[in-house]
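Make a model of the complete structure from these sequences and hints.
Chains as they are written, first to last, in the UniProt record's numbering: chain B, 1 to 483; chain E, 1 to 496.
A hint or two may mislead.
[What the hints assert, rightly or not] With a cut-off of at most 25 Å between alpha-carbon atoms, the simulated DSS-like pairs for lysine-lysine come out as follows:
id, chain 1, residue 1, chain 2, residue 2
1, E, K362, B, K23
2, B, K27, E, K362
3, E, K151, E, K99
4, E, K441, E, K457
5, E, K101, E, K24
6, E, K362, E, K457
7, E, K99, B, K159
8, B, K163, E, K362
9, B, K163, E, K441
To be clear, the hints were calculated from the coordinates, so they are not data collected in a lab.
Residues per chain are reported as follows:
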Amino acid sequence: MNVSLILVILLFGALATWYSGDKWASKVALAFSTVAFGVTAFLTYRFFTVDNPTVTLSFSKMWIANPRVVLFFKADGLSLAMALLTTALTPIIILTSFANLFPRKASFYGLILFMAFAMAGTFLSEDGFLYYIFWELSLIPIYFIALMWGGGDAEERKKAVVKFFIYTFAGSLFMLLAFIYIYQRTGSFLAFNLYNARLNETEEMLIFLAFFLAYAIKIPIIPFHTWQANVYQKAPAAGTMLLSGIMLKMALFSIIKWQLPIAPHFAEKYKYIFIALCVAGVIYGSILALKQTNLKKLLAYSSLAHVGLVAAGAYTMTLDGFRGAVLQMLAHGFVVVGLFFAAEIIERRFATQEIADMGGIRLKTPVFSSMFMILVLASVALPSTFNFVGEFELLYSLAQANIWMAVVGGLTIILGAFYMLRMFQQVMLGDGTRAFADVTVIEGVAFVLIIAVLLFFGVYPKPLVELVTPTLNELLTYIKQLR
Amino acid sequence: MEILIAIAGLGIICLIAEIFNARKAIVPISIVGLIAVLVYTVGRCLKGGKEFISGLAMDGKGYFNMLVSDKYSLAFSSLFILLAIFLIALSPDFHKNHKPKLSDFVATKLFLLTGAIAMVAFGNLSMFFLGIEVLSISLYVLAASEPKNLKSNEAGMKYFLMGAFASGLILFGIALIYGATGSFDTAVIQTKALSPDLPKWFSIGFVLLSIGLLFKIAAVPFHFWAPDVYEGSPALTTATMSTLAKVAAIAAFFKLAYALNPVLSGRFITIINVVAIASMLIGNLVALKQTNVKRMLAFSGISHAGYMLLIFQLHGLTAAQSNLFFYAVAYSIAGIAAFAVVLSVCGNKGDEQIFNFNGLGKTNPVLALVLTCALLSMAGIPVFAGFFAKFNLFSQVLSKGMNSPSAQGIITALILVIAAVVSSIISVGYYFKLIIAMYSKEPNEDSQPLVVPFAYKAVAIVSFVLIIAIGLWPDLASSLIRRTVLVENMIKNKII
Chain B
1 MNVSLILVIL LFGALATWYS GDKWASKVAL AFSTVAFGVT AFLTYRFFTV DNPTVTLSFS
61 KMWIANPRVV LFFKADGLSL AMALLTTALT PIIILTSFAN LFPRKASFYG LILFMAFAMA
121 GTFLSEDGFL YYIFWELSLI PIYFIALMWG GGDAEERKKA VVKFFIYTFA GSLFMLLAFI
181 YIYQRTGSFL AFNLYNARLN ETEEMLIFLA FFLAYAIKIP IIPFHTWQAN VYQKAPAAGT
241 MLLSGIMLKM ALFSIIKWQL PIAPHFAEKY KYIFIALCVA GVIYGSILAL KQTNLKKLLA
301 YSSLAHVGLV AAGAYTMTLD GFRGAVLQML AHGFVVVGLF FAAEIIERRF ATQEIADMGG
361 IRLKTPVFSS MFMILVLASV ALPSTFNFVG EFELLYSLAQ ANIWMAVVGG LTIILGAFYM
421 LRMFQQVMLG DGTRAFADVT VIEGVAFVLI IAVLLFFGVY PKPLVELVTP TLNELLTYIK
481 QLR
Chain E
1 MEILIAIAGL GIICLIAEIF NARKAIVPIS IVGLIAVLVY TVGRCLKGGK EFISGLAMDG
61 KGYFNMLVSD KYSLAFSSLF ILLAIFLIAL SPDFHKNHKP KLSDFVATKL FLLTGAIAMV
121 AFGNLSMFFL GIEVLSISLY VLAASEPKNL KSNEAGMKYF LMGAFASGLI LFGIALIYGA
181 TGSFDTAVIQ TKALSPDLPK WFSIGFVLLS IGLLFKIAAV PFHFWAPDVY EGSPALTTAT
241 MSTLAKVAAI AAFFKLAYAL NPVLSGRFIT IINVVAIASM LIGNLVALKQ TNVKRMLAFS
301 GISHAGYMLL IFQLHGLTAA QSNLFFYAVA YSIAGIAAFA VVLSVCGNKG DEQIFNFNGL
361 GKTNPVLALV LTCALLSMAG IPVFAGFFAK FNLFSQVLSK GMNSPSAQGI ITALILVIAA
421 VVSSIISVGY YFKLIIAMYS KEPNEDSQPL VVPFAYKAVA IVSFVLIIAI GLWPDLASSL
481 IRRTVLVENM IKNKII
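So this is what it looks like as structure tokens:
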């Protein structure tokens, strides 16, 4: 039993869902994604218990002779943590769309599982070429999900989605060039060989920037963020959750796994520029979030601010920065899915995304409003939530790098608290006369799962810390050695 | 040689079958015959010879070095035969209103195929010229094959005038080369070309030849005929031109450059690079504005010609030939898949505007899926065949640049690759226009339910499977031209 099983289950699940027909699609998809999560959890357990876990749980087989590409799925702390995030969020995302009356459900749920397959593949690949294929592959399902099942005006949606596709495709083609370039040096795409490519200064700069373009578009870091808010708003809720919960983590993960170890000198020399760019994104996102009148757009910009901080932490190239980034990626994945789900629940009942049209929900449904409250508090990193652990470490690493960066970055918590609580106030409090049906059992289950994860790891993050720390240390050793 | 005779024989059988009133048998006979020839060719290709044989190896069987069967020509011949099988399979339904003429259409396509094969298998310039003329004349006939349609007439006329002019240039070029070297035989010409006292006419002749071929390839700035001809010709002829004829011309150009001139001058390569960049960018930029699918695919074909011309940067490397072959396979099979869907959707509508594709995702999901995959493959998105084609190309160009001693080499390589990447990004814009029309627009209200003939569906699905299979096992296609581990194992286990 090794990590390739996760991918096989997800791919097979996607096909099975597609064939099962509209009536059964959602249930089949839920079953397969839950099994995939079970397998991932079991593999993580095995990772702690067996001897020499990376060797036992990895999978490798020759694929193409020329160029030399190996089907190599590696199980280490980092890839398993990200695979856990993917497979844990997929069933929750499927659960949240149960109440949506989509046409052509079989294709919809099939695409979600296919997307999970591609994203899990991105996290598990140890071969750069394979990684690139999965990275691109994940773009196709999300494009169709956003295009075919999205809301709002059809023409505007089309524009937003095509813009998104072209932006990300452009970025990743430059990443492909970077990979090809290094391959000419090493004759292999395996991560280990790519790390040891021994590039000179100019080459490292070009390659670092090519990677940066791909990741900055996907994360997004300003000034490459213009596709984001529109797509988040126009895509169906499940698509937005996939995008913000998992897909943009692919880029954050890739900074740690690919970009920094491949081009460590350049990264070390100019790291303050990139940290500053990310921190600027934090402030920019927060300020824009303050101004939004559309609930989904507000959440999109707040997400921009939070991931900016994660990227800044990763670029500090310290253990605290890396670990904080990974923990915050996991935490943010859950919290953002929860928040977008809350927005979706309100939209289902009120048929609007405008904050001004909402209000008075708390009086009707105390249960929903307390769940929403917990998510809002987790999002602003209140101590005892998972997000606090991550953001604390991120800010700590920033403070070590440069105290002023930490001060400015820390504003995210203050501004975040301000706009999130004000949003909560306008949306949930006040008097409203409109009826608001209480959350259904399925909706409640999804919320409870998310909140349970956030609170559990907020109090007891030790298992995750132990899972990722050795791998991150290993990556840091590479970076330092090569320096 | 026997391949050429077998195919020409099939063409004659088609014509005879018409006389004996066996019209129904024409298409099955020619398809079965072509499949047999294909199996034979592929078999020879896999077994035959060393790593790679240049265009000059003597066959050993004589023919006065008129035709050589090296790996390059055999691999391309098998591709052309495969494409011809697809194109002939599409014919009976496409020409169902002209039943009596079916034998002419099929026979013309078979003769066209012989021309294409002669173009890559030549060992003598006279054979090459015969090949290109047989191919072109068949295409003039096919382009004008709807005599009552004004546009088809215009297309045939335009193509003929332009084509005849290009043939004239080629012939003039051949004459000058003959004057300089005293021979039509490529082996003799190659030796003479390396000697220091080469008359100046040789270069002039070579340039004239190149211009003629660039015209046939439809590379910028010799591309202006292509959109009009593609749009005016019957759709099946457009499919033939944009797949078979185009890759045949590029394969011939590459072989010619290699056979006549093993050491191309840097200046010539620079010119070809400029042509390549211009083709990629102009083709893709103009395609953005098109609303007619055939015109759009014409411009997309121009840009793909540009990508294939990048191979000249790798002149002299063995990898260049396998890269060109792989790109040609990926491009032409995606083209066939796309045209099979275009024929199904617009077959009897008379025009191929994009709005005809509205809502195809709902009315016929299978065809929509095939067209989507074909377009994604052309755009170069993994895991489709087109991705590996572009990947190999970029990778080889960069590698050549990095291994060159001068700084100029790497800068040229970077410029070429970045131009190629930028134009790939542009191409996504119009490929997705079609995909959006299929999936996010409602079906047109006045449209009748689509009745898709079996043959169209079969060709679409087979080519779709090929696109994905070549994407998943890229060694499959390259093994035809390059001996890979796969073939070694097969030989070891006595499978072939």
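Original post:
Taking each numbered hint in turn, which are not upheld by the structure, reported in ascending numerical order?
Top reply: Hint 7 contradicted; others consistent.
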